[in-house]
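Peer 1: Chain by chain, the residues:
There are 2 protein chains.
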Amino acid sequence: MELGTYLHDKRIIVENSLKDVFSSFKNTPGILRDAMEYMLFSNGKRIRPILAIAACEANKKPSDDLLPLACSIEMIHTYSLIHDDLPSIDNDDIRRGRPTCHKVFGDAVAILAGDALLTEAFRILSDNRYTENISPRTLKKIIFEIASAAGADGMVGGQVMDILYDGKEGTKNILNYIHLHKTTALIRASVRVGAIAGGSRASELKRFTKYAECIGLAFQIMDDILDAEGDEELVGKRLKKDTGKQTYIKHYGIVTSKIKLEQLIDEAIGSIESLGDRAKILSDLARYLGNRAT
Amino acid sequence: MELGTYLHDKRIIVENSLKDVFSSFKNTPGILRDAMEYMLFSNGKRIRPILAIAACEANKKPSDDLLPLACSIEMIHTYSLIHDDLPSIDNDDIRRGRPTCHKVFGDAVAILAGDALLTEAFRILSDNRYTENISPRTLKKIIFEIASAAGADGMVGGQVMDILYDGKEGTKNILNYIHLHKTTALIRASVRVGAIAGGSRASELKRFTKYAECIGLAFQIMDDILDAEGDEELVGKRLKKDTGKQTYIKHYGIVTSKIKLEQLIDEAIGSIESLGDRAKILSDLARYLGNRAT
Chain A
2 MELGTYLHDK RIIVENSLKD VFSSFKNTPG ILRDAMEYML FSNGKRIRPI
52 LAIAACEANK KPSDDLLPLA CSIEMIHTYS LIHDDLPSID NDDIRRGRPT
102 CHKVFGDAVA ILAGDALLTE AFRILSDNRY TENISPRTLK KIIFEIASAA
152 GADGMVGGQV MDILYDGKEG TKNILNYIHL HKTTALIRAS VRVGAIAGGS
202 RASELKRFTK YAECIGLAFQ IMDDILDAEG DEELVGKRLK KDTGKQTYIK
252 HYGIVTSKIK LEQLIDEAIG SIESLGDRAK ILSDLARYLG NRAT
Chain B
2 MELGTYLHDK RIIVENSLKD VFSSFKNTPG ILRDAMEYML FSNGKRIRPI
52 LAIAACEANK KPSDDLLPLA CSIEMIHTYS LIHDDLPSID NDDIRRGRPT
102 CHKVFGDAVA ILAGDALLTE AFRILSDNRY TENISPRTLK KIIFEIASAA
152 GADGMVGGQV MDILYDGKEG TKNILNYIHL HKTTALIRAS VRVGAIAGGS
202 RASELKRFTK YAECIGLAFQ IMDDILDAEG DEELVGKRLK KDTGKQTYIK
252 HYGIVTSKIK LEQLIDEAIG SIESLGDRAK ILSDLARYLG NRAT
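In order, the protein sequences belong to chains A and B.
Count the first sequence with our numbering and you get residues 2 to 295, in order.
Count the second sequence with our numbering and you get residues 2 to 295, in order.
Because the hints were derived from the structure by calculation, they are not lab data.
One or more hints might be untrue.
Note that identical chains are pooled: a pair holds if it fits in a single copy or bridges any two copies.
To be verified - Heads up, simulated EDC-like pairs for lysine to aspartate or glutamate below, C-alpha to C-alpha not over 20 Å straight-line:
| # | residue 1 | residue 2 |
| --- | --- | --- |
| 1 | Lys251 | Asp228 |
| 2 | Lys246 | Glu170 |
| 3 | Lys211 | Asp167 |
| 4 | Lys27 | Glu146 |
| 5 | Lys27 | Glu268 |
| 6 | Lys20 | Asp93 |
| 7 | Lys246 | Asp108 |
| 8 | Lys246 | Asp228 |
| 9 | Lys251 | Asp65 |
Only a predicted model underlies this, so the values are computations on that prediction, with no experimental measurement involved.
Excised from the complex, chain A in its bound form:
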């Protein structure tokens, strides 16, 4: 299948699954639900759930049972955007071409909407309505995978270092810590969750993991490049804001960053080559992520 069609189809499937999940909120205050939905249904690329689905399908396993789990990852990603945009963190007022969550609902509701999205992600992962076809043992592995990637030794740790070293000299080691934790950790978990749900054995899981680590880092380098050179309208957020941040551009320059990006995409594709035809979508996805303009 051509990647464009695949992305389009899967995006619709993910959106519908997210809507289905939201229909299970019965007693949620209206403004809280609105704030969660505002950010969750705001033209996101759905890269993480689609990676999970593609990794599952690369095992020749249908991804229907995985869908709510993939949605829970998207909810965690969304909460992290809401909190990152807050005035006391990155202070961003535009995201995906619209005012950020706190600009519309106020800081308090934005903080709580993020908290709710994060918590509800784990509710969905453990809710029989959505997970009855996945064994509790596999589910436990998946919850551990996601929580570890999103927590203090994962995404949140990366975000803390990101703000701590904003405006500071920094080192390549610091940059590496930030990129591996802030962005790569959850992308890595997305692919691994898909592979685990798809039934990958240890040796294959290793290949998927290597692939995910390469595209995760490439994704963040591309973000750094887009911040320096991208089109604000296409990207949908304010650019050239990261001048004080630890970026690849700052530590390696734009030319070397682009070379590193190419290398990572090649490495990602190489690491799943042995899967043969089964790897086609994932390989195409890697190339797409290395060339994206949004």
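Here the structure of chain A is known, so what remains is to put chain B in place on it, guided by the hints.
Peer 2: Just chain B, lined up with the frame of chain A:
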């Protein structure tokens, strides 16, 4: 056993278990770990984990395997305090007799420390290091119980209504929604998690649940009474701050609130009477919570 001794002993056990959990953070940025620990080890009463332990032990089952799960509830409670105290939410500067988390570490780190505590709670619930003696099926139930209580239809929903109706007229229905969600939900989950881990059958679980709902509501009414009449030094936070909030005192007056509190404690004790001697600690705990000064 006398309740004072029981509380003292269990508190030490919970503290040690929390310290053990924290030893598993290896790559966490120092300031993030410090902020999490600052609030987590700040002279909390540990009511929620102790309720879980007591409900488990009321089933004549040892609570060792439950301990890390009980700690995860305390971590969720702690994250909620950190976020509630933020300037854009309740704007509190003193908690448990010390400056609040954001006063010491800044708003950004406080938000992220809360996020990390919430996420790590679910990591612990799914981490084989801490949960290998609990069946994945039971664990799934427990994770669902905790996530549902803490999420959009639980604690976070209650908190949103609490700030939404701050300074507004409100109704008894609104007050009821806030108290049942903001405070009762997680206390209810604590007791239920303990009972589930202890192997309670459906009919007994119902009794534990009724008990928990009564003491949860009583706990919040006591909070309202302490805010109106308590000793700031003993309570460890600024009082008489809730004048604009939806409180029992506002809607029922102090005398009726105290009567309601007594009734709830009696109802809590009555609902577990059929357990006989096994209910002693839980009954004593209910009485203690209805008379606390801190």
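Peer 1: Now look at each hint and say whether the structure bears it out.
Peer 2: Quick rundown of the hints versus the structure:
no. : hint              : in the structure
1   : Lys251 <-> Asp228 : within (12 Å within a copy, 52 Å between copies)
2   : Lys246 <-> Glu170 : within (9 Å within a copy, 46 Å between copies)
3   : Lys211 <-> Asp167 : neither (29 Å within a copy, 50 Å between copies)
4   : Lys27 <-> Glu146  : between (29 Å within a copy, 16 Å between copies)
5   : Lys27 <-> Glu268  : neither (46 Å within a copy, 28 Å between copies)
6   : Lys20 <-> Asp93   : neither (26 Å within a copy, 36 Å between copies)
7   : Lys246 <-> Asp108 : between (23 Å within a copy, 19 Å between copies)
8   : Lys246 <-> Asp228 : within (11 Å within a copy, 44 Å between copies)
9   : Lys251 <-> Asp65  : neither (42 Å within a copy, 51 Å between copies)
This entry does not satisfy hints 3, 5, 6 and 9, going by the numbered hints stated previously.
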